[in-house]
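*Asks:* So you can see what is in the structure, the chains are spelled out below.
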Amino acid sequence: MSDAKDLIVWHGPNTRSTGTVWLVEELGVPYELRKVDVFGGETREAEFLKINPAGKVPAIRHKGKTLTEMAAISLYLCDEFPDAGLAPAIGDPLRADYLYWSVFRPGVLEPAIVTKAQNLEVDPRTVGWGEWETVITLIETALEDGPYLLGERFSAADILIGGALGWLKHFKLMPDNPRIDDYITRLHARPAYARMQASNQ
Amino acid sequence: MRVKLYHNPQSRAVMVHWLLEEIGCPYELVPVQYDDGSMRSESFLALNPMGKIPVLVDGETVVTETVAIALYLADKFKTPNDLAPAIDDATRGDYLRWIAFQSGAVEPAMMQAGAKFEAKRETAGWGSAELVVDVLEQRISGANPWLLVDKFSAADVVLGGSLSWAVGWKLFPARPGFAAYLERLSERPAYKRVFGSE
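Protein chains in written order, with the working numbering: chain W, 1 to 201; chain D, 1 to 198.
If you are wondering where the hints come from, they were derived from the structure by calculation, not from laboratory data. Incorrect hints may have been included.
Here are a few chain D residues that face chain W, going by a calculated C-beta distance under 7 Å [to be verified]: (1) G24; (2) F44; (3) L47; (4) M50; (5) E65; (6) A86; (7) I87; (8) D89; (9) P108; (10) M111; (11) A115; (12) A119; (13) A124; (14) S128; (15) P176; (16) L182.
One side only, chain D facing chain W, incomplete, derived with CB under 7 Å [claimed, not checked]: (17) L45; (18) G59; (19) V63; (20) Y72; (21) S103.
Every residue, glycine too, gets a C-beta built ideally from N, C-alpha and C.
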């Protein structure tokens, strides 16, 4: 068993690291939360740059090793704590879809959000992430077969994708979409989500 | 059974092609053209609704997104060459970190550098193109000889392959810290087999 000292999560309230706090709450493992004042510039200070030279949260330390990039953190922790059941194991038929949706968040959804929010013109054939409408349709289609991206099974990929969708909804960047709205509501009803919300105070 | 890679030599599929050569598992390339609309065909969109390559098909399993494909292949095919640290290996976290950095930071930074668009540093998940290049240089210059030191891994293929492409197309500056690493990558036999012919 691990104790809290084994896992540290650096968290900036109301930033992308809320997804990582949500994840560790879902994992149900002890951890130490270290709040960072992102909007006050703390992530650009020398002390934090030693943790992540990119000056970004989330960052974690586990077993003495530091890890950044939200998808990497998610893939890593779910495999480290398999008993939580948040990741289909290697060899499970759902593993490919799980990996796909996990990297979809930073690789496709994030840049698509930025280009959409700022009305940037990019050539959809050149960029790795494609068009906004395609991205949303794809998520909607994936939710056809069940309450979660992997169908009946809730996974850490829902935290990554659902977390971003909830954020988009909150900032009114996404129009009403019954299926996606239901999905967000379902995710936000999870007890671990509520525990995470408390960490934003 | 052979895995199938939907491929075009002018696409990101070349990184997966290189990875397959490094692993040495049986595979076949399915050529896909850009100019004949085949990526928008119904049969292709059934594989990847994004209409993009690479797409990997392993029996009944379809995987898209370069990083997802790389993670999938390197965990599943361990012979003849094992390109992924096991889940309980001490380097697993670092391995995931730098593979994920490719899609989450390097890709958007390359596009930002190419299209010269301004994205707010605080909003964009990757920060800025300059920041990504700085962080990469710091990490790559410490790769001795590979990101996971003695173990050549799929992270070298994905991150190194992207970097090589970005520097080659002058999207990223050819920083001094990149040169020796990119040279080492280009000397690998699997790299030469893939890029020598393309």
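*Asks:* Each hint needs a verdict: does it hold in this structure or not?
*Replies:* These are the hints, each one checked on the structure:
no.	hint	result
1	G24	violated, 19 Å
2	F44	violated, 14 Å
3	L47	violated, 12 Å
4	M50	holds, 5 Å
5	E65	holds, 5 Å
6	A86	violated, 9 Å
7	I87	holds, 5 Å
8	D89	violated, 11 Å
9	P108	holds, 4 Å
10	M111	holds, 5 Å
11	A115	holds, 6 Å
12	A119	holds, 5 Å
13	A124	holds, 5 Å
14	S128	violated, 10 Å
15	P176	violated, 17 Å
16	L182	violated, 20 Å
17	L45	violated, 10 Å
18	G59	violated, 10 Å
19	V63	holds, 5 Å
20	Y72	holds, 6 Å
21	S103	holds, 3 Å
Taken one by one, the earlier hints fail for this structure at numbers 1, 2, 3, 6, 8, 14, 15, 16, 17 and 18, listed in ascending order.
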